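**Q** For reference, the chains in residue letters:
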Amino acid sequence: MTTQTEQVSPQNSSPAERLLFGGLGVGLILLSLRQGGQSGILLGTGGALLISGAALGRSVGSAVTRVQRTEDDNIIVQRAVTIGKPVDEIYTFWRNFENLPHFMSHLESVRVQDGDGRRSHWVAKAPLGTSVEWDAEITEDEPGRRIAWRSLEGATVPNEGHVDFRPAPGNRGTELHVSITYRPPGGTLGAVVARILGEEPGEQVGDDLRRLKRRLEVGQEPTTEGQPSGRKGAMKAEAKMYDNRRTT
Amino acid sequence: MKAVVWNGINRVSVERVPDPELLQPTDAIVRVTATAICGSDLHLLDGYVPSMVHGDILGHEFMGEVVEVGPEVRRVKVGDRVVVPFPIACGKCWYCEHGLTSLCDNSNPNPKLAEALWGYSPAGLYGYSHITGGYAGGQAQFARTVYADENLYKVPEGLTDEQVLFLTDIFPTGYMAAENCNIHPGDVVAVFGCGPVGQFAIRSAFLLGAERVIAIDRFPERLDLARQAGAETLNYETDPVFERLKEMTGGRGPDSVMDAVGLEAHAGGPGGLADAVKQTTRVLESDRPHAFRAAIMACRKGGTVSVPGVYGGLADKIPLGAFVNKGLTMKTGQTHVHRYLDRLTGHIQRGEIDPSVIITHRLSIDEAPHGYQIFKHKHEGCIKCVLDPWADPEDHEPVGTK
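Chains as they are written, first to last, in the working numbering: chain A, 1 to 248; chain B, 1 to 402.
Excised from the complex, chain B in its bound form:
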């Protein structure tokens, strides 16, 4: 089969690899019909998530049709159309039973690396380095999925792939980020970063009752999309963000602030430069926490900082004094995708949100390296790339059309 393979920093290629097989009786094989490139894949591309190995198959946002199930799979059947949550739940441990599936105790086959780095191991994730298990990803024509009964979510009739694909990660991620903001009627929410997760965070904040959402980015197409969702916008390259946020909120500051940027935040000034230099060593500092610092500073006293952005290791110069003296609350985490699936599918079915609006590029899997490039550099107005693993690149629609 064809698969997107990580071959080193800034090197992804499409290769022929063996088809996946059932390795355990609770596995299922999915024929992938749609898969996407996620912002956190860029951290893998850039080599900031340790323990990637040359040849790893990428991809944790994928869906498709079940073509084979192991003998112990009961609930899922061949022919089912399913989305695959990116964190893997065993379904049996305390965390899974309490809806905290991204913290599953049992699904990471390689927990000692994670314990060495983070103290305890979270769940295994598809296509996301060996710290989180080294599972082959779904940017491929077929994928092995594990604990199929606990993880594969059957798509209701009448919904297209593009409407439900983002249930695998970024829609629940934006939603959980907004839920973590603990929004009350009248609240003003600020969102740093208007990439795919930021877009869903903005829309989810409104779904959860935010009065106003202020979205911060620097790319006009992303700010446009945020405005279409009803957000007010700030361009951090031309607006002094902290001062403007204060002014727009009558001097109070936003009630909650989301950092939907993560560990490769862009920032000018000596602080941003110091982060960038330290991060290139991959030892002195693994994360560039500029947006995180800005979120802590901008949040109102007693407010909540919600962090859906991915961080991997150690970050410097976190304004802990501001955090403590303003009495802030921080909520973070990889998304417990499973617990949001029914709720968010309902929102899609009722037409309250159309996740496909963020798609700007539809590519064949052979064009994946190009997709990674334009997504990383925000060329061609790229906000979100969806890959078709089965399209013939010859007769595929031209790049960038709808």
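This is chain A alone, in the form it adopts within the complex:
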């Protein structure tokens, strides 16, 4: 079996980003020279870090948020999960793209368009309550092994992805290896902003795959939403902080 591996660039900053962070770094150092004392040292160190990041092409933002980029400056997300079900069952479920919104939380809908089901129309939720739409086509379809797709001309967020289905050793079911590449509006900065807004794609795909596993293995997601507690006032917000990290 051949596996396609994406070229991941060691330089993960876009030129614009390098300029921005480099500029910020210079600014911080200038500020530190005026301030002096402990806070000056802190500012200067921060500035030096930003400049070195910009010079090396490894953005501080990307390093902190762990955004990976391909050589041609796209964001790439790769995640894998093992699901205790046979390859064919999972392949069939995925091949019907209209099933994807059942476990991909950022998708509003996928409509398969023509007879052979190779073209589809996707609607996804975007940050701040907006949505984006695009058409996609299946580029590879090997039953029980691999499905690949790509957005068509005119997509706001050009993207492509593939999922490989491999039998897991020792009768553990199926390994799903998912790879999605896309170019977010605003480049890495856009991705960093999206992450700050809680929409970071890598985590999202990880959550989606976990949801798929739970759906196929158990038939439902576990939940504690609505159970009793002795929480009052501010404590509700504290609990919510943990609840926001759940996968549902």
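Worth flagging that the hints you see were computed from the coordinates, not collected in a lab.
Note that this is a predicted model, so its numbers are computed, not measured.
Beta carbons are placed, not taken as given, at the ideal position from N, Cα and C, and that holds for glycine.
It is possible that part of the hints are untrue.
[Claimed, not checked] As a list, the in silico DMTMM-like pairs of lysine to aspartate or glutamate whose alpha-carbon atoms are at most 20 Å apart:
| id | chain 1 | residue 1 | chain 2 | residue 2 |
| --- | --- | --- | --- | --- |
| 1 | B | Lys92 | A | Glu89 |
| 2 | B | Lys92 | A | Glu221 |
| 3 | A | Lys236 | B | Glu21 |
| 4 | B | Lys92 | A | Asp88 |
| 5 | B | Lys154 | B | Asp342 |
| 6 | A | Lys236 | B | Asp19 |
| 7 | A | Lys232 | B | Glu15 |
| 8 | B | Lys112 | A | Glu221 |
| 9 | A | Lys125 | A | Glu108 |
| 10 | B | Lys112 | A | Glu203 |
| 11 | A | Lys85 | A | Glu217 |
| 12 | A | Lys236 | B | Glu15 |
| 13 | B | Lys154 | B | Glu72 |
| 14 | A | Lys232 | B | Asp19 |
| 15 | B | Lys376 | B | Glu237 |
| 16 | B | Lys301 | B | Glu247 |
| 17 | A | Lys85 | B | Glu97 |
| 18 | B | Lys2 | B | Glu68 |
| 19 | A | Lys240 | B | Glu115 |
| 20 | B | Lys112 | A | Glu238 |
| 21 | B | Lys92 | A | Glu217 |
| 22 | B | Lys112 | A | Glu225 |
| 23 | B | Lys92 | A | Glu175 |
[Stated by the list, open to error] Chain B residues, not near chain A, derived (Cβ > 10 Å throughout):
| id | residue |
| --- | --- |
| 24 | Glu157 |
| 25 | Glu162 |
| 26 | Glu211 |
| 27 | Asn235 |
| 28 | Thr238 |
| 29 | Phe323 |
| 30 | Thr329 |
| 31 | Met330 |
| 32 | Gly351 |
For this one, chain A is given, so just place chain B on it according to the hints.
**A** For chain B alone, coordinates are given in the frame of chain A:
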């Protein structure tokens, strides 16, 4: 209903909270008839398990009567008398299918916290912080139980609550700890800690064929109870434990050693003090691994260290050199309760063990805060508190009687 609620470090209270409801078709509601305070609840009380939130309902050792079932529950019926294993099994994932239910892939609704701290998420647990799912616990009059068909264990006729309550956690925990010792005929087993889990570990070691068990603690009532089970005892405040263990085993050392103490071990000396200071920061070191260190040092060459004690995060100064150069094996884990239930119920039915012997206190749920205090500080000879969620505190038996 009444429930025991965590309200911050060293603050538990009994409060009126809403009754639980079925949230999913595979849920069941249990009317709790008996519940207990576990040693690991003390780690929550003391605030050493992160991600507790004010208002969380405590309790993971509970049993009762099923009063309501969801539409997809098939095996369990209203009226069934059940014990509830503290780890939650989905029953469908690879781990559940292989009897490793405390490692269930699917029952933790909040797995990302656990993955951040431990790499992968174990099962959801009742009443045990949001890392393990944030499920409301069973120190309450009613409890919502999930995946009822996979988890609720029907109690055979003729057994009392007190005989079977500890099947939820500490009996299987002590048993798994002994099983993890890989006991062979003639083996000598040492057990650090004679609290409830230690007591079951001692008894289980004998059930599994240990020749001798040496039990280590500092409280006379616990050492007495260990001796009643046939163990030889050491008081670590007056005996030099390492030297005595060596001497008692003809210089070889115990074949296996259990750490039934966990992350709040008491120890004198500069090492114990350093642990205590670091742990109070809750950042520098989350666990006080004194008993664990002692277990590694005391174990014979090529022996097994079994760790039923709870650890949460990071611990310092583990004698890794001793561990490697003596060729030790370590086995640990939250208990896969489900796989021991039939076997241990059999031992109880045949009269080979009476789990209720460790109960020293029977309290009403309103007295739970007092129960936490005496259990934590080992006052009034407290070894194990059982709470009755429905007792009227006014006409309840006086504290501490049998």
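**Q** Quick check: which numbered hints come out false for this structure?
**A** none
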